[in-house]
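A.B. asks: Produce the complete structure using the sequences and hints provided.
Protein chains in written order, with my numbering: chain B, 1 to 264; chain W, 265 to 648.
Keep in mind the hints are simulated off the structure, nothing from the lab.
On a predicted model such as this, the values are computed, not experimentally measured, just so you know.
Accuracy of the hints is not assured; some may be wrong.
[Unchecked claim] Under the rule of at most 27 angstroms between Cα atoms (straight-line distance), these lysine-lysine pairs were calculated in the BS3-like manner:
id: 1; chain 1: W; residue 1: Lys299; chain 2: B; residue 2: Lys190
id: 2; chain 1: B; residue 1: Lys190; chain 2: B; residue 2: Lys224
id: 3; chain 1: B; residue 1: Lys190; chain 2: W; residue 2: Lys343
id: 4; chain 1: B; residue 1: Lys190; chain 2: B; residue 2: Lys221
id: 5; chain 1: B; residue 1: Lys151; chain 2: W; residue 2: Lys619
id: 6; chain 1: W; residue 1: Lys619; chain 2: W; residue 2: Lys578
id: 7; chain 1: B; residue 1: Lys211; chain 2: B; residue 2: Lys34
id: 8; chain 1: B; residue 1: Lys190; chain 2: W; residue 2: Lys314
id: 9; chain 1: W; residue 1: Lys314; chain 2: B; residue 2: Lys151
id: 10; chain 1: W; residue 1: Lys647; chain 2: W; residue 2: Lys379
id: 11; chain 1: B; residue 1: Lys236; chain 2: B; residue 2: Lys224
id: 12; chain 1: B; residue 1: Lys224; chain 2: B; residue 2: Lys60
id: 13; chain 1: B; residue 1: Lys190; chain 2: B; residue 2: Lys53
id: 14; chain 1: B; residue 1: Lys34; chain 2: W; residue 2: Lys314
id: 15; chain 1: W; residue 1: Lys299; chain 2: B; residue 2: Lys34
id: 16; chain 1: W; residue 1: Lys578; chain 2: B; residue 2: Lys211
id: 17; chain 1: B; residue 1: Lys34; chain 2: B; residue 2: Lys60
id: 18; chain 1: B; residue 1: Lys221; chain 2: B; residue 2: Lys13
id: 19; chain 1: B; residue 1: Lys79; chain 2: W; residue 2: Lys299
id: 20; chain 1: B; residue 1: Lys6; chain 2: W; residue 2: Lys362
id: 21; chain 1: B; residue 1: Lys252; chain 2: B; residue 2: Lys221
Each chain, letter by letter, is given below.
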Amino acid sequence: MNIEEKTPIIVVKDLAARFGENVVFEGVSFQVYKGEVLVIVGASGCGKSTLLKIIIGLQKPYAGQVLYQGMDITCAEEKELNQYRQNIGVLFQSSALFSSMTIKENIELPLQEYTDLDPAAINTIIKMKLGMVNLAGYENYHPSELSGGMKKRAGIARAMALDPRVLFFDELSAGLDPVTAAELDDLIIKTEEALGTTMVVVTHELESIYKIAHRVLMLDKEAKGIIAEGKPLELKERATDPRVKSFFLRQKPVTPDEQRFYVN
Amino acid sequence: MKTQTQEDCSEHYNISFNREDLSLFIHLSGQFGLKNLMVFRSDINREISKQKLQSVTIDFSEVCYLDSAAALAFVQIEKEAASQNIQCWLTNLNDESKGIFSVIHADALNQQPFKSLQYQDDFIRQVGQSSLHIARDFVNFVTFIGELLVALLYTIRHPKTLRGKDVLFYIHRAGVEGLPIVALIGALIGLIIAFMSFLQLKQVGANIYVPALVSFAMVRELGPIMTAILVAGRSGSAFAAEIGTMVVNEEVDALHTMGFDPIRFLAVPKVLATIIVVPILTIYADLFGIIGGMVIGVTSLDLTIKTYITQSIKTIQVFDIVTSLIKAAVFAALIASIGCQRGFQVRSGAQDVGKFTTSAVVAAIFMIVVADSIFAVMLYYIKQ
Chain B
1 MNIEEKTPII VVKDLAARFG ENVVFEGVSF QVYKGEVLVI VGASGCGKST LLKIIIGLQK
61 PYAGQVLYQG MDITCAEEKE LNQYRQNIGV LFQSSALFSS MTIKENIELP LQEYTDLDPA
121 AINTIIKMKL GMVNLAGYEN YHPSELSGGM KKRAGIARAM ALDPRVLFFD ELSAGLDPVT
181 AAELDDLIIK TEEALGTTMV VVTHELESIY KIAHRVLMLD KEAKGIIAEG KPLELKERAT
241 DPRVKSFFLR QKPVTPDEQR FYVN
Chain W
265 MKTQTQEDCS EHYNISFNRE DLSLFIHLSG QFGLKNLMVF RSDINREISK QKLQSVTIDF
325 SEVCYLDSAA ALAFVQIEKE AASQNIQCWL TNLNDESKGI FSVIHADALN QQPFKSLQYQ
385 DDFIRQVGQS SLHIARDFVN FVTFIGELLV ALLYTIRHPK TLRGKDVLFY IHRAGVEGLP
445 IVALIGALIG LIIAFMSFLQ LKQVGANIYV PALVSFAMVR ELGPIMTAIL VAGRSGSAFA
505 AEIGTMVVNE EVDALHTMGF DPIRFLAVPK VLATIIVVPI LTIYADLFGI IGGMVIGVTS
565 LDLTIKTYIT QSIKTIQVFD IVTSLIKAAV FAALIASIGC QRGFQVRSGA QDVGKFTTSA
625 VVAAIFMIVV ADSIFAVMLY YIKQ
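C.D. replies: In structure tokens, the structure reads:
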């Protein structure tokens, strides 16, 4: 991606989320630029998934705005929200393929619903998408017949069915073996390079962060917000914040006076 | 090469055709994607097939947005042209567009599915399949009943292993929470029977037999059957869905590996709770049925509450009540064990859970009716 020409595609302003009285995060502001791969990291429970759910319009925030092409999706009407949803694709943690349908039917669903294509055209598009994720020939399989990595790839194919402008990945390589995870990373890089799709990835696999991320945002549970932002290698080398350092160096957090936090 | 940024890229698109002898020049500008795919594809195809051509050149220099579906359409246009011996060139592609074309793999498009969809088998095969299925189902059920009995015996011999809290929980779920609907349906059924029999009996002036008819029908047949069907719908299905979801989430496997017998852990409390609760619900159903009949008796038949009650009590014998409760307990055992067994049959996925939940209710209701017929014949001979 050319760093010089940054056009924001999603703008998050002063976002806050709460569960009842419990503040998950507040004052979170950042931008997602067109064509970049933005990785959101942070320890478990820091609100990464909540943030993602708010951005894709599944949850309402406590306060703040999420702007996509000038439209605030946190208070958009259902019709506008649907418009937005056709421009994004989401890969869920467990792939969320519909188990009663074949892979082909899974990918077919958005194409039938949102386009006026004839069945033959839909069919070739499905073949192309399956080819893109290296699953050519698997159209008549049911999700239960596929391995975890294949399910993820089928999920990506479904997320990309409508050629979305932005793709979201929740816990991209969670629960996958290193080889499969690396293949997924390659797929992400290849897709990004070929199609220029903007991608927002939630993960905590360090290797895949170094490999795919153009930019990293780090959330923290204690700080209830973003504590670091930048290129992954720069964060690793230059970060002074112990929390950021320990994450990127994969060490247990050591505060200067060896103070420890116990959670009961 | 002119490139446009996203902002000044208009939503519209334009295609201009230029014909020179046997060559066609197609100039594209604007956005090409899923939304206008059908239109531009047929436009271009129409233009190409209009008259004999030797070559087609498609100029992408002013395309500001192209998605993979549109790129695929152009690849297909190119292929079709090639099949008609027309040379086709896609020119002035910018880097972005080239990238998009690079994801289209010809071998993926030609790849035949590894597996064909399963079509309906012929009739004989279907009959065979379903016979085998029924046989397997029966074996499965008998095996489960055996395992359940072993688990129950174990629980009786080691009462401490029973999860009392779970039993109480399911007593609450199946019993206390089911009471309002059982009472309501019971009262309405009593009301209906009283009203229908009143319409018939008044012709012969035998109104006084209405309370007897209602209480006899409620206690002997309708009370137990109706309660059992309601419990099958409310709780049998819930047991199947709950255990089925646990199987899908590997919770049942977790129980196995932790050394618990899933049947003893999951099925026994449910079965015991249901056996305790259904007879009690049946008594309530009987009672409310008689009360429902009494409403008609008092308002339409000019009977006093006292006469109605004495007439009812005269009809019901202790034998009837006891057998009705035994019947209810048997129905309860059937409902709960079928519900649990169907739950354990779930293998994967949401659809399986739905399938076996439905099957739990249908099978339970069927078994209730079968058991009731057996009881009807058996009780007739016992009473003689």
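A.B. asks: Just to be careful, I want the Cα atoms of Lys34/B and Lys314/W compared with a cutoff of 27 angstroms; is the pair within it?
C.D. replies: Not satisfied, since the Cα-Cα distance of roughly 41 angstroms exceeds 27 angstroms.
A.B. asks: Would you mind confirming whether the straight-line C-alpha gap from Lys190/B to Lys224/B stays at or under 27 angstroms?
C.D. replies: violated (34 angstroms)
A.B. asks: Hey, Lys314/W versus Lys151/B, does the alpha-carbon distance stay inside 27 angstroms?
C.D. replies: violated (45 angstroms)
A.B. asks: Holds or violated: are the alpha carbons of Lys190/B and Lys343/W at most 27 angstroms from each other?
C.D. replies: holds (25 angstroms)
A.B. asks: For the pair supplied as a hint, Lys79/B and Lys299/W, is the alpha-carbon distance within the 27 angstroms limit?
C.D. replies: holds (17 angstroms)
A.B. asks: Given the hinted pair Lys578/W and Lys211/B, is their Cα-Cα distance within 27 angstroms?
C.D. replies: violated (86 angstroms)
A.B. asks: Given the hinted pair Lys619/W and Lys578/W, is their alpha-carbon gap at most 27 angstroms?
C.D. replies: violated (47 angstroms)
A.B. asks: So if I understand the rule, the pair passes when the alpha-carbon distance is 27 angstroms or less; does Lys190/B with Lys221/B pass?
C.D. replies: Violated. Lys190/B to Lys221/B sits at ~33 angstroms, over the 27 angstroms cutoff.
A.B. asks: When you check the alpha-carbon spacing of Lys236/B and Lys224/B, does it fall within 27 angstroms?
C.D. replies: Measuring from Cα to Cα gives roughly 21 angstroms; hence the hint holds.
A.B. asks: Straight-line Cα separation of Lys6/B and Lys362/W no greater than 27 angstroms?
C.D. replies: holds (21 angstroms)
A.B. asks: Is Lys211/B within 27 angstroms of Lys34/B, Cα to Cα?
C.D. replies: Given that 27 angstroms is the threshold and the Cα spacing comes to 19 angstroms, the pair holds.
A.B. asks: Just to be careful, I want the Cα atoms of Lys224/B and Lys60/B compared with a cutoff of 27 angstroms; is the pair within it?
C.D. replies: The given pair, whose Cα atoms are some 18 angstroms apart, holds under the 27 angstroms limit.
The structure shown violates the earlier hints numbered 2, 4, 6, 8, 9, 10, 14, 16.
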